[in-house]
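Start from chain V and add chain U with the ligands according to the hints.
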Amino acid sequence: MDLLTLSLPSLLGGLAVTVLLGVVSFALGSVLGGLVTLARISRHRALRVAAAAYVSVFRGTPLLIQIMLVYFGLPQLGIQLPPIPSAILTLTLYAGAYLSENLRGGILSVDRGQWEAAGSMGMTYGRALRRVVLPQAVRVATPAIGGRFVSLMKDTSLASVITVVELTRVAESAGSSSFRYVEAFVMAGIVYWLVNTTLSVGQEVLERRMGRAYT
Amino acid sequence: MTRTVAIDARGLHKRFGELEVLRSVDLTVHSGEVVVIMGPSGSGKTTLLRCLNLLEEPDAGSVTVHGRTVDCSSARHGRARNRLIRDIRTRTAMVFQHLNLFPHMTALENVIEGPISVRRLPRSYAVEAGERLLAHVGLADKRDEYPARLSGGQKQRVAIARALAMEPEVILFDEPTSALDPELGAEVLQTMKDLAAYGMTMVIITHEIAFAREVADRVAFMDAGYILEEQRPNVFFNNPATPRARAFLRLMADTDGPPPGLEKTG
Ligand SMILES: Nc1ncnc2c1ncn2[C@@H]1O[C@H](COP(=O)(O)OP(=O)(O)OP(=O)(O)O)[C@@H](O)[C@H]1O
Ligand SMILES: [Mg+2]
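So the protein lines, in turn, are chains V and U.
Residue numbering for the first sequence follows UniProt numbering, starting at 1 and increasing by one per position.
Residue numbering for the second sequence follows UniProt numbering, starting at 1 and increasing by one per position.
Chain V with its partners taken away, still in its complex shape (with noise of 0.2 angstroms):
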C-alpha cells in the first residue's frame, strides 16, 4: 500500500487551508460567542429572544445544510463571497452558536453571591461581569471550549462540498485521479488525528495549569 498517494505539496497545502478554517473561525466564532453570550443574559428582551433564536437555529440544523445554504443563498441576495470565506462565515455562525452556549453555562454556574458581593459594594453590572463573574466562567468553559476547538477542526471537513480545497477536497481529488482512495483518506485521517491529538494535548496541559490556579 502506498500511502504517497497524495504529494507532499498537496497534502500541507489543504492542511494549511484546514487549519485556516479551523482557527479563523474559532477566533471569529468566540467574540460572535461572547456577543451573543451578553445578549442571551441581557436585561432587554428582544436581544435575549433574537439571541436565542440564532443559536437555536444553528445547533438544530446539520452544519452541511448551513455551509451549502449560504454558499448558493448569498449570491441569490447578491452577496457574491469566495468558496473559502463563506466557509469560514458558515463555520464561525456554527462556532458561535454552540460556543455561546458553552460560556453561558459557565456564566451560570458562577454563584449568585458573586454577583450580589461584586453588587454590595457598588459595582456596575458590567464591572461585575467583566471582573468577577467572567474569570470564573470562563475558565468552568474552557474543557468545553477546547472540545469545541477540535469538532470543529473535523468539521472544516465539510467545506469540501462547496469546493474550497482543504485536507479532505485534497485526499478526495487523489483518490478520485488514482482510483486509490483509501489510501487517500487513510492519509488525510492521519494528518487530522495528529492535529487534533496536538490540540488536544495543548488543551490538557492549559487544564492541568488552571486547575493549580487559584491554591
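Hints listed in this document are in silico derivations from the structure and should not be mistaken for laboratory results.
Do not take every clue at face value.
Unchecked claim - If we take Cβ atoms under 7 angstroms as the criterion, some of the chain U residues that face chain V in the derived model are: (1) T4; (2) F16; (3) R86; (4) R89; (5) T90; (6) H98; (7) P103; (8) H104; (9) G114; (10) S117; (11) V118; (12) Y146; (13) A148; (14) R149; (15) S151; (16) M166.
Note that the Cβ used here is the ideal one computed from N, Cα and C, for glycine as well.
Positioned in the frame of chain V, the structure of chain U with the ligands alone reads:
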C-alpha cells in the same frame, strides 16, 4: 449631643410572593453605633439587612444612608436611581454569612478590587491601604494566598478587610460566624470587637449572646417581620419587654444555639 444618622429605614415592607417577610420595619442607626439584630429563623433579619443596602428592593418604605434617600414607593427605574443605589452600596459594606470572597483573586486582590474599580483609587495607594487592612485583621502574611488556601475564619477576616477597604459609613454583618467552628468564630468576633472599639458603625445579625452583650449599643429583636423591641443589651437579655423575646431567649439558653421559628402562640 446630636448624633449623625447613618441609616434611617422607614416603613419597610417586603413580600416574596404570598409571604410577607417585612411588615413595616423602622430602624435608625447613628454613626458609631453597634446595633445587633436577633430573632428566630425566618423572622426577616437577613431580608432587612439586604434591604438596607438595596440588595433587595423593599416593596414600600424608604432607606436613607447618610442623607441619600431611596424611596421604594416611587419609580423603580432610571439611571439616576441606579447611581443612587450604587452610591448607597459603596457606603454600606456587607459581610455575608456564606463566604463570598472572589475565589480567583488573592487576599490582597480581594481587598483592593473595590477601591480600584469602584472608588477609582490609584493602585499603589489601594495596595498600601490593603496591606495595612490585612495586617489589621492579622493576615499580613496571607496577602498572596487565594481564598481556597485560607481557613473559614481567615476568609471571613479577609471579607472584613475587603469591607473596610471601601471606607464605608456602616458595615452590615449577616451571621459572620455561624458557618465557622467556635475557635475560628472567636477570631472573627475579636476582629469585630476591635472595630466596635474603634468606633465603626455596624449592624450585626448574630446569635452570639456574649458578644452582643459586650459590643452592642442596642439589640433589635425581630419576629415575623416586625421589630418587636429595641433595648440596651443588659435590658434585653435580663428583662426583655415582650413575651416573644422571653420565649426566644429561653430557647437560645436551652439549645445553646439559634432556635428555629417560634411556634405561634395564638
Ligand atoms: N429570595 C427569596 N425568595 C423567597 N422567599 C425568601 C427569599 N429570601 C427569603 N425568603 C423567605 O423570607 C423569610 C425570611 O427570610 P430571612 O432570610 O430574612 O430570615 P432570617 O431571619 O434571616 O432567618 P435565619 O435566621 O434562618 O437566617 C423566610 O421564610 C425565607 O424563606
Ligand atoms: Mg438570615
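Now for the hints, and whether the structure bears them out:
no., hint, in the structure
1, T4, "violated (21 angstroms)"
2, F16, "violated (15 angstroms)"
3, R86, "holds (5 angstroms)"
4, R89, "holds (4 angstroms)"
5, T90, "holds (3 angstroms)"
6, H98, "holds (6 angstroms)"
7, P103, "holds (6 angstroms)"
8, H104, "holds (5 angstroms)"
9, G114, "holds (4 angstroms)"
10, S117, "holds (6 angstroms)"
11, V118, "holds (5 angstroms)"
12, Y146, "holds (4 angstroms)"
13, A148, "holds (5 angstroms)"
14, R149, "holds (6 angstroms)"
15, S151, "violated (14 angstroms)"
16, M166, "holds (6 angstroms)"
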